[in-house]
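Going down the list, the protein sequences come from chains E and F.
Going by the working numbering, the letters in the first sequence line up with residues 11 to 265, in that order.
Going by the working numbering, the letters in the second sequence line up with residues 81 to 385, in that order.
There may be inaccurate statements among the hints.
[Claimed, not checked] Which bits of chain F does chain E cover? Going by a derived footprint, with three or more residues having C-beta under 8 Å, they are:
| id | stretch |
| --- | --- |
| 1 | 155 to 167 |
| 2 | 264 to 278 |
| 3 | 316 to 329 |
Hints were generated in silico from the structure; no laboratory data involved.
All of these numbers come straight from a predicted model, not from anything done at the bench.
Idealized CB from N, CA, C, for every residue including glycine.
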Amino acid sequence: MKKILYSKWNRAEERDKLVVDLKDSLGEYFGSEWRILQTPIIIDIDLVDILLVNNTGRLCAVTILPEKVDSSLIGKIVSEYAALSRQLEKFKNAYAGENIDVKQKLMVRLFVPNNIVNILELLACISIPIEVYQYFFIKSHDNEGIVIERLSELVERREGEQDFSSLLKIMGENVRSEASSVSEEEAVLKEKIETKEEEPAAESVHEESVPSENETKQKHNTDNYFERTKLNEDELVAFFDLERRLAAFQTEKMQ
Amino acid sequence: MEENHNKPKRTLRDVSHHFFSSLEENKQEKKENAVALSNSSYNVHHFNPSLKLLSIIPIRYSPFSLLLHVYFSKLFLYTPYKVYIISTNPHGDSWDYLQRNLNIPPLVDIDFSKGMRTFTLFKNVELIIASPDKLKDFFSFKNNHQRPSHLFDSESSPSLFLIDCFNTEFYIKEKIISLLDSIILLSSFNIDDFRNAYKVIKAYSSLCPDVKFSYIVDHNENADLADLTRKGFNQITARFLNISVDFIGHCEFKDLARGNNIHWGTEEKDQIFNVNIDFVEALKKENWSEELLSLYETVTSNVKL
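Next comes chain E alone, as it looks inside the complex (with noise of 0.2 Å):
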């Protein structure tokens, strides 16, 4: 996949319609122009593929994942970035008059063509720096229902981060618009959904009452559950190992 977007990237022709594309799907979530940035000439970044600044200043990094993707690459991606925003000056005067606004927020945006599981549990599995990924998009043809499912996890082990009930909101309504038909595992998510919106208020307005002990209850609940089930770094590693084998093995079988 990587590869095709990089010889697409690399074709006039077909660099003209992959922008239109990163654009169009931009401003379908922001409503704002987005214009693509020459190639990073600034820092030593590998993964960042490609940079787009929106007519408010908001900068966002493009990286077009492999499809094998370990966890040492995510690493490395996650440090990039992190890295990326600590720089931001430096982009705004290596890009004078492209009105670079270094007090928004990096905005990262991922392209995961398979092994979208896998992604999502490494960032997981590794502590994201929440203030650099303020969303997270993740372009996917098939599995939406996984990504789905995924991502509600994630939120749920990240209770309380705003951004990630954003973006679980925002890809939600995303496959729900691609989708013929609302599954019920969407249903679900679309609960799920506006449950975490409700709960900010909701804390609002009891913010001097005791929790009852049907909340306190659950609360523990979900603490329990998700504390009980996370996956540590080498136990992921071992699925993943194990996918590895597995894969190779039909892959042998067919031959």
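With chain E held as given, fit chain F onto it using these hints.
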């Protein structure tokens, strides 16, 4: 493959109808043989009363969670076991299939606020619908070794409780899980489900270190791949949790494990699980006396259960 494609797709309703029809057909035939086993003259001296709590946990969301337990209970028909299926939150889809085939009222007519309601599904199988809080109270007996006498035909009956707590809140579920003897996980055959199954095992094994985990997965035609997966999964559970998981069989209906509506599988069977006989037999005969085992063998020798 072509044969399979040409077969008309069957819904769960068809499968369910077939299942219950076959039960009716076989019931009369087995009735006379089974009567000796269920005879009240067999008392506490014939075996040590045992109490088993078991739960089938689908890894993905499944509206057929209750129905899975009903299917599993069929494995214990015509045994001295008294089987209780306890469901905390029966899904309407499961209930519809049961209602069509058995003498139970519509779900909407049941008042859950009044605690437990009991329905007889088969001769030795009862379904109890209980609110999660009631269920928690109900199982308090296991810790103080006082059996709820009103639920037992006689003190000599071995009992099997199948707990359908899939839709229950975790804070209730964790209380129930801690009492279970055995958990059967059910999933489709893919790495994502295996990973989620591992998470369930990880969470529940910390609540109940002595619980035995078993696993039923979709049938996979590639035996080598299935074997590799089983071994790989067990290596992971052994390495990180020090737990061995028995793969006890497979589910005949792939879509059921995925929680989808069922389409007919490759082979018409009235039993939804193709479960390892050793597992079932061991569970059935646990703590039975030699005398009762002998009788059981005699009675069932001519009947394929």
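Going down the list of hints, with the structure as the test:
For the stretch 155 to 167 of chain F, the assignment as covered by chain E is violated, since 0 residues bring a beta-carbon within under 8 Å of that chain's beta-carbons and 3 are needed. For the stretch 264 to 278 of chain F, the assignment as covered by chain E holds, since 5 residues bring a beta-carbon within under 8 Å of that chain's beta-carbons and 3 suffice. Coverage of the stretch 316 to 329 of chain F by chain E holds in this model, with 3 residues showing a Cβ closer than 8 Å to a Cβ of that chain against a need of three.
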